[in-house]
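Between the sequences and the hints, there should be enough to build the whole structure, so can you do that?
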Amino acid sequence: MDPMEEIKATFFQECDELLADLESGLLEMEAGATDPETVNAVFRAVHSVKGGAGAFGLDTLVRFAHVFETTLDAVRNQTLEADAAVVRVMLRSADRLSDHITAAKAGEDLGEEGDQALIQELQAFLGDVEDDTAGDDMPDFGFKPMLISLGDDPAPLELAPVANGPWEIILRPQAALYRNGNDPAVLLRELAMLGQTTVTLDDSGVPDLNDLDAQGAYLCWTVSMPGTVEEDRIREVFEFADFDCDLTIRRSAGEGANEIVEAPLPVLAVEEAPAVPEPLADAPVEGEAFSLDAILAMARDAAAATELTGDVPAPQADVSDVSQAPAPQGSAVEASPPASAPPRAASEASTGSSATPTQQTIRVDLDRVDRLIDLVGELVINQAMLAQKVLEEGAAPSGSVALGLDDLEQLTREIQDSVMAIRAQPVKSVFQRMPRLVREVAGMTGKSVRLVTEGENTEVDKTVIERLSDPLTHMIRNAIDHGLETPEQRREAGKPEEGTIRLAALHRSGRIVIEISDDGKGIDRTRVKAIAVERGLIDADATLTDEEIDNLIFAPGFSTASTISDISGRGVGMDVVKRSIQALGGRITITSTPGKGSLFTLSLPLTLAVLDGMVVTVGDQTLVVPITVIVETLQPKASDIRGLGPEGTVLAVRGSHVPMVDVGQALKFPSQGNARAGVTLLVESELGGLIALRVDAIQGQRQVVIKSLEQNYRQVSGIAAATILGDGRVALILDVDGLVATRRPAVAPQQPLAQAS
Amino acid sequence: MSMTVLTVDDSPTMRRMLRMALEKASFNVVQADDGVQGLEVLADSTPDVVITDINMPNLDGFGFIEAVRADGRYTGMPILVLSTESSMDKKKRARDAGATGWIVKPFDPEKLVDAVRRVSA
Amino acid sequence: MTQDNDKTHELIAFRIGAQQFCVDIRAVREIRGWAMATPLPQAPTWVKGVINLRGTVLPIIDLGARLGFGATEPSQRHVIIVARIGDKTVGLLVEAVSDILTVGSESIQPAPDVSCEAVRCFVKGVIAQEADMISLVSLDGILPEAELREAA
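Protein chains in written order, with numbering that gives the first Met the number 0: chain A, 0 to 756; chain B, 0 to 120; chain C, 0 to 151.
Errors might be hidden in some of the hints.
[Unchecked claim] Short, incomplete list of chain A residues facing chain C, as computed with Cβ under 8 Å: (1) E377; (2) K706; (3) S707; (4) L708.
[Said to hold, decoys possible] List time: in silico DSSO-like cross-link candidates among lysine-lysine, alpha-carbon distance up to 27 Å: (5) K6/C / K123/C; (6) K461/A / K87/C; (7) K7/A / K595/A; (8) K104/A / K427/A; (9) K528/A / K595/A; (10) K104/A / K461/A; (11) K636/A / K667/A; (12) K667/A / K87/C; (13) K7/A / K104/A; (14) K7/A / K23/B; (15) K110/B / K7/A; (16) K123/C / K87/C.
[Said to hold, decoys possible] To list a few chain A residues with every Cβ distance to chain C over 10 Å, as calculated: (17) K7; (18) L90; (19) A116; (20) F124; (21) G194; (22) P225; (23) T227; (24) V532; (25) A582; (26) R641; (27) P645; (28) N711; (29) A721; (30) I723; (31) V729; (32) A730.
It should be emphasised that the hints constitute simulated quantities derived from the structure, not laboratory data. Where is the CB? At the ideal position from N, CA and C, for every residue including glycine.
The following block contains the structure:
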């Protein structure tokens with residue numbers, strides 16, 4: 000990849016993190032947090048987005064971020080109080096910023112029209128508050144030349160407009176100049192780049208050796224330059240140094256000998272100049288006797304100002320390696336006070352209690368992690384193959400070789416778990432997107448909603464997290480749109496007007512469980528049943544348990560909204576949610592209490608790289624059925640298997656009839672045994688209905704590493720993926736829904752599988 | 000021997016850009032995520048030049064520069080500030096803390112390298 | 000096939016039945032012995048199934064069947080040429096590899112126009128070699144997505 004593109008990718012990745020920080024910080028502020036840490040973190044997030052965006056020329060984004068940042072800066076400086084109204088606008092601004100970034104990611108630009116309202120609101124808060132950055136021009140965009148203290152390119156002499164007398168520049172450095180890493184030699188060289196210079200050194204200020212401070216500054220230079228050089232150019236050279244030296248820049252000849260002691264900076268806006276403290280105010284007036292005491296006093300002031308130490312900063316100054324530099328080194332040792340605080344201590348002193356230990360992390364390319372996971376998967380398979388071979392060749396099962404292999408197996412499993420843990424991430428990243436969604440949906444439906452999240456730090460595989468976002472979004476929309484009542488209805492029902500949506504994550508028996516609950520009206524079962532009958536999903540006279548009725552909302556084509564609303568509409572229903580959860584190897588269940596609300600529970604595997612499977616035999620092939628879909632295994636009596644139509648077969652299970660699929664036939668594998676022999680797996684299919692899968696034999700339960708079939712081949716309907724078994728051969732993993740679909744060509748359109756009784 | 004530059008910036012994007020620009024100019028680059036880490040890295044790597052951001056968690060650029068200047072071992076070490084801000088107030092604070100120069104983000108890689116060369120000359 | 004006349008090509012030659020074929024060595028990753036493949040449902044007849052190549056699931060294409068010779072009954076003397084086609088890695092089931100040739104572009108003649116569809120699609124040139132003729136197979140069309148989908 001082009002390095003700039005790579006950096007851009009890093010930038011967008013960083014943006015995602017910054018936006019998450021921004022939102023969570025703002026939410027903390029909404030909850031009343033006013034501590035500088037939180038406010039600073041929020042400010043920094045916007046600031047960093049702006050900084051990066053500038054580098055990529057994302058002008059619209061930068062402009063918006065700049066206004067946002069300015070308002071945040073006012074909060075940070077405590078000139079603006081972050082009350083509820085301010086935070087609300089900021090939350091919306093964060094959403095807008097996020098939209099800008101999303102657009103930029105796609106190489107688009109949202110344009111500025113959409114920003115205007117927010118910009119006005121943000122600026123309105125500032126009111127009389129002085130814009131701290133008002134003196135700045137808007138930052139330059141793209142790779143514009145930077146402003147740097149040490150001057151710019153050599154000035155083209157012929158362009159210099161003023162033709163008065165030659166310049167005389169008197170430079171008398173103070174001790175601080177050396178300490179701060181500036182060097183008169185560099186300054187003089189910079190001047191020389193502007194034009195012909197004549198330099199005179201005045202060393203009359205150097206005291207006797209005994210009085211000499213190694214850190215002191217005793218020299219003075221006078222530089223003459225042609226009057227054609229632009230004054231601004233000269234000042235630029237000293238932009239950063241002029242606080243630390245006595246500087247005089249004047250025309251040495253002619254009536255225009257306009258002496259300027261104070262040096263305004265070229266980047267300064269004129270109107271702001273008076274606000275800046277007179278830089279040289281406390282520096283000795285030019286020409287005044289330059290005493291060592293004064294220098295030491297200044298040095299002390301500077302040190303005291305840092306609040307780090309009262310001592311004069313330590314002096315192992317190596318300034319003397321510059322030829323013109325002042326202090327002869329001889330007396331340095333005697334004259335110098337001992338070295339002061341080491342940097343670590345200093346940092347602690349300056350940050351005080353606010354310094355929190357940062358967690359040590361590294362960023363690793365996902366590809367590398369996946370490669371490692373692959374290799375460990377290989378290791379697991381190889382270990383299994385080795386164990387099998389050793390046993391086949393007659394090693395004693397309790398002998399030292401077999402025991403050693405057991406240990407190896409244990410170790411490999413542990414390595415596998417640890418490697419999988421690298422891909423694990425807190426669900427926070429997806430949970431953090433939900434507050435915005437809740438705000439938007441609440442706004443659209445006119446409902447008042449509070450979102451409570453729990454267990455944000457629960458970890459699960461990155462891919463699971465990524466694929467959770469859509470189902471969660473949909474379920475939360477549904478919960479607000481269909482679950483919660485309007486404020487009026489809630490008041491009438493004796494509930495608080497504000498409804499609560501709770502989103503929680505937890506680990507339970509090797510899986511992650513996500514709960515989405517609301518305190519709304521619960522499922523209206525009479526209505527759900529009526530709709531199901533109307534849509535032909537169930538018979539009018541079917542007797543269903545409450546649970547069965549609740550589960551009807553997962554049936555395809557079911558939607559309780561009488562009008563397709565903007566929010567949960569667009570033809571996407573809970574069936575899609577259920578299918579996407581199942582595609583992740585998960586399950587979804589619902590419990591609902593009328594008047595009290597509903598609870599959706601998702602249970603998902605912690606990783607998509609391995610799967611708990613039932614290894615079965617079909618003909619001479621070995622297949623794997625995901626454990627999650629298996630309800631139970633049966634060894635049916637021949638009399639329980641009944642024909643239905645010319646080819647159909649159903650299995651009688653406790654009084655109801657379940658469609659039966661012969662896996663061998665469905666996959667067109669030569670199957671031994673007849674349809675009436677073998678074993679049956681009762682599995683749950685797409686519609687929540689049961690299907691009986693007939694296989695020849697069950698070999699056992701095993702965790703298998705999932706291998707892509709598409710990587711080198713293509714998708715195969717009825718097959719979810721492949722794996723490699725202990726004997727080194729490839730086995731296919733069944734996709735139950737796909738298998739049912741292949742078995743049911745266009746003949747039977749969407750017939751309900753539910754409740755054949 | 001090539002020079003070592005320490006960059007202190009909490010933004011991974013900026014760190015990558017700085018690394019790219021500086022390494023292209025054959026500098027050794029060491030990096031830190033914030034002021035606190037900056038001080039640690041500084042002690043380990045004794046760079047020739049430091050480039051630091053201002054707005055950073057844990058210890059911001061001003062605090063970082065002050066801490067560096069308070070330590071005698073680094074007297075005279077050039078410290079360039081790299082910030083999106085360019086207000087007089089902030090520049091003054093940086094100078095008071097002991098910064099050597101100020102570069103405005105976004106930066107032109109060539110000018111950055113140029114600046115590093117100049118202050119370290 | 001390339002038109003650069005002064006270029007030389009390294010080719011791997013192998014047999015299918017009585018005829019000789021070759022492929023550009025740059026596409027070839029390795030050559031390995033035959034291993035039992037796991038059959039795939041809904042696969043075209045020329046897809047033998049998949050094998051485990053150090054953890055990667057590798058589809059095996061019966062090149063003879065693909066070129067219209069009828070299905071190969073794999074045995075110990077058959078080999079799998081592991082080749083990269085586009086972004087996919089596949090195994091080509093052929094009889095033992097016979098030779099590695101280095102030929103100049105000028106020795107590759109355009110394939111004579113024959114009626115056989117498979118030959119027209121896959122044979123991009125012929126090379127006269129002593130008393131024999133070797134057909135240069137282009138792998139580009141061997142695994143077309145469309146064809147696989149159609150076959151499904």
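Please list, smallest to largest, the hint numbers that this structure does not respect. 7, 28, 29, 30, 31, 32
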